[in-house]
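This is what each chain is made of:
2 protein chains.
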Amino acid sequence: MRPIKSLISIEEAKKIIDSRVVPVNRYEAVHLSEATGRVTAESVHSTLDIPPFDRAAMDGYAIIAQDSFGVSKQTTTRLHLFGKIHAGEVPGEKVSQGTCLQIATGAVMPEGADAVIMVEYTELEGNEVVLTKPVYPGENISRAGTDINKGALVLEAGTVLKPAHIGSLSAIGLDAVKTYVKPGVTVISTGDEVVPPPRELGGGQVYDVNSYTTASLLTQNGAEICLRGPCKDDPEAIVDLLKDEDADVVVFTGGSSVGERDILIDALESHGEVLFHGIAVKPGKPTLFATKGQQLIFGMPGYPASCLSNGYMLLVPVVRKMAHLPDLVKRTKDLPLGQRVVSSVGRHQLLTVTVEDNVAVPAFKESGAITSMSKADGYIEILSNVDLVDKGEIVKVTFF
Amino acid sequence: MRPIKSLISIEEAKKIIDSRVVPVNRYEAVHLSEATGRVTAESVHSTLDIPPFDRAAMDGYAIIAQDSFGVSKQTTTRLHLFGKIHAGEVPGEKVSQGTCLQIATGAVMPEGADAVIMVEYTELEGNEVVLTKPVYPGENISRAGTDINKGALVLEAGTVLKPAHIGSLSAIGLDAVKTYVKPGVTVISTGDEVVPPPRELGGGQVYDVNSYTTASLLTQNGAEICLRGPCKDDPEAIVDLLKDEDADVVVFTGGSSVGERDILIDALESHGEVLFHGIAVKPGKPTLFATKGQQLIFGMPGYPASCLSNGYMLLVPVVRKMAHLPDLVKRTKDLPLGQRVVSSVGRHQLLTVTVEDNVAVPAFKESGAITSMSKADGYIEILSNVDLVDKGEIVKVTFF
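Protein chains in written order, with this note's numbering: chain A, 940 to 1339; chain B, 940 to 1339.
Just chain A, same shape as in the assembly (with noise of 0.2 Å):
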């Protein structure tokens, strides 16, 4: 047994981690409806112009605007009404002085007009309209191009697309777009004594909490989880297993007891560079971190509620700059805390916490319950040189 020897900071860790991240720089088509969430990959232009055409922007007559100046509800002028434009359709006649067509919203313009009068101010007489009100130029016409020009942007690379950018698209006539590809991360559970549900479990098993809670924290932050394991704690077993892994992340789950952390080192210092083993938090304390190439590494405590919470601030943060996201926006809210707390200097501490009237009530029970998270609603984090938090202090709730 070698128990950890030296113990880096969390602030240490996130910055030997973060060095060696690199954002994925592959790419793939999504068809429009995958698409909400992802990243786009190259800025896109548009090849035409939206609307292609002027268009009529409101129901009514399309018109010479000449032919309605100067008039009122009392000096109306007649208009000849000689056909109707449906939108969809090519007007194939031509608006001369003293006669007009119909429209309708979205319709194409037709030549020789260059207004609209809104059906409200007309009246209807046989096949004559009646003006009471004078229209601009332009007026009630949506320009070609108004929206987005032939060749002008239309989303810049490395664009979180929503609702909005996917409808702007659409509208350029573009039915899939060019993203990165997640990253791809892959859970590898071990521990001899860890067996995936819904299998029986045996004398002595317990079922893999951590590979699930790992896969869906990561799977809600950009990444394409592949679960394998679990995987025998034997050097030479996690060493074939990595030669031909090829994902961008490894993070191998469980292995926290001393005997299965050296077998991970002693593996991945075979088979890569193992840049730190031991974090200063708690939980967490027993996190490896290693690299083989750009291919990062990660061995995390075999504790439920170690794994999640260091996943949390660990792996999150890891994931998101892979997949080329911005950084998590975390809903925070300051509230007095319920109890007295006493923590140990020299650890950084994530507390997990529920809210219960308005107070943060610690709600940690112990690294190994699972519970210690999952009833939980967020947690505050205490800082290594703290030793002490009093009831009714103000502490900083982040929610999951």
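I should point out that these hints are in silico values taken from the structure, not numbers from a laboratory.
Note that the coordinates shown come from a computational prediction; the quantities given were computed from them, not determined experimentally.
Errors might be hidden in some of the hints.
Note that identical chains are pooled: a pair holds if it fits in a single copy or bridges any two copies.
[What the hints assert, rightly or not] DSS-like cross-link-like pairs, simulated, lysine-lysine; straight-line CA separation at most 25 Å:
no.: 1; residue 1: Lys1101; residue 2: Lys1221
no.: 2; residue 1: Lys954; residue 2: Lys1012
no.: 3; residue 1: Lys1072; residue 2: Lys1101
no.: 4; residue 1: Lys1089; residue 2: Lys1072
no.: 5; residue 1: Lys1072; residue 2: Lys953
no.: 6; residue 1: Lys1101; residue 2: Lys1260
no.: 7; residue 1: Lys1304; residue 2: Lys1089
no.: 8; residue 1: Lys1260; residue 2: Lys953
no.: 9; residue 1: Lys1224; residue 2: Lys954
no.: 10; residue 1: Lys1314; residue 2: Lys1117
no.: 11; residue 1: Lys1224; residue 2: Lys1072
Given the coordinates of chain A, assemble chain B onto it according to the supplied hints.
Quick look at chain B alone, frame taken from chain A:
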């Protein structure tokens, strides 16, 4: 042409809609790998203790605590080491006074032993373990059921599944969970000028934007989308199409022009019950709401900015309530307005803005322009009793 006669307020419209929303009451089992963000349809209780057995919480030696009483660095005691218990195996031998077993974190406590002494407080000499510190009975043992008791409530019905919840389900041996089926939303584009991308545009045609923005927005908010159409502007065709449509919600997009809206109203009046058509909101006035039994039917404005804007205001709350999801937590910020904005009294205005140097700058071009939305960071709302917001006035920006 029948102009909209009476507009109702946005608040009234929301109230009418809300009174007709029935949360989906159909269930499906979902694998844990797909369950994040889904809502549990029943409460889940554990059928076993977690951990299922008393286990070591640390690497060390399983001993009888009494053997360590009175021990110190100066006054050590020695125990006979006669074996090792790995995680995942069932200990065959019993610890008796004066003896101990090496034990790994997570391994089953052997009979006889009632504590684990951490490896740090021992020294190994041949097959004798030297204790340098006393432990109390129960020290470093996680008792069976500490995390979750057999029979205990693990998740309440109606829980929106987060990573830790997924972990608590796998912890009790489940690989799937009963969730509410997502509300089904069928989106039907209408308008004879509208064609889906990437088909080449004919004269007078434009690409469908509204189907894609609506689908994107509602997928984000828990709906299962089916895109249908384009549908002919003909009441019989619409009624025919609705006959075999059993989605929870049907959204017609397009049909904003007076003629098209009339057709949709005629169709919906013969098919079900029209509850309103026309809201005093800008953009988004020509919005129509009807029901047929529990099915909700919306006629959304054809203009892309109007359609999407009303999607945020009217459709998102509907879909979330149907999906058993809580109201959206909107991210807002109070900022000064970058230029004077004039609004019509009697109409609630939603004005899109970009945020530049901590100033909210109006980004709205026109209702027909998707760039009114896609180039914006969020929006401000101008109440119906306000006719002017001055440059520099503080406004609340809601981010998309």
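These are the hints, each one checked on the structure:
1. Proximity of lysine 1101 to lysine 1221 under the C-alpha cut-off of 25 Å is restricted to the inter-copy arrangement: shortest distance 22 Å between copies versus 37 Å within a copy.
2. Taking the shortest alpha-carbon separations for lysine 954 and lysine 1012, neither the intra-copy value of 74 Å nor the inter-copy value of 40 Å comes in at or below 25 Å.
3. Within a single copy, lysine 1072 and lysine 1101 get their C-alpha atoms no closer than 42 Å, and across copies no closer than 60 Å, so neither meets the 25 Å cut-off.
4. Proximity of lysine 1089 to lysine 1072 under the C-alpha cut-off of 25 Å is found in neither arrangement, the shortest distances being 35 Å within a copy and 79 Å between copies.
5. Taking the shortest Cα distances, lysine 1072 and lysine 953 never come within 25 Å of each other, neither inside one copy (68 Å) nor across copies (36 Å).
6. For the identical chains of this complex, lysine 1101 and lysine 1260 are neighbours both inside a copy (18 Å) and across copies (21 Å), given an alpha-carbon limit of 25 Å.
7. In this assembly of identical chains, lysine 1304 and lysine 1089 lie within 25 Å of each other by CA distance solely across copies; the values are 17 Å between and 61 Å within a copy.
8. Taking the closest pair of Cα atoms, lysine 1260 and lysine 953 come within 25 Å of each other only inside a single copy of the chain (13 Å); across copies the shortest separation is 39 Å, beyond that limit.
9. Taking the shortest alpha-carbon separations for lysine 1224 and lysine 954, only the intra-copy value of 16 Å comes in at or below 25 Å, while the best inter-copy value is 52 Å.
10. Taking identical chains as interchangeable, the C-alpha atoms of lysine 1314 and lysine 1117 lie at most 25 Å apart only when they sit on different chains, with a minimum of 19 Å there against 40 Å within one chain.
11. When the C-alpha separation of lysine 1224 and lysine 1072 is checked against a cutoff of 25 Å, the pair qualifies only between copies, where the shortest distance is 23 Å, while the shortest distance within a copy is 78 Å.
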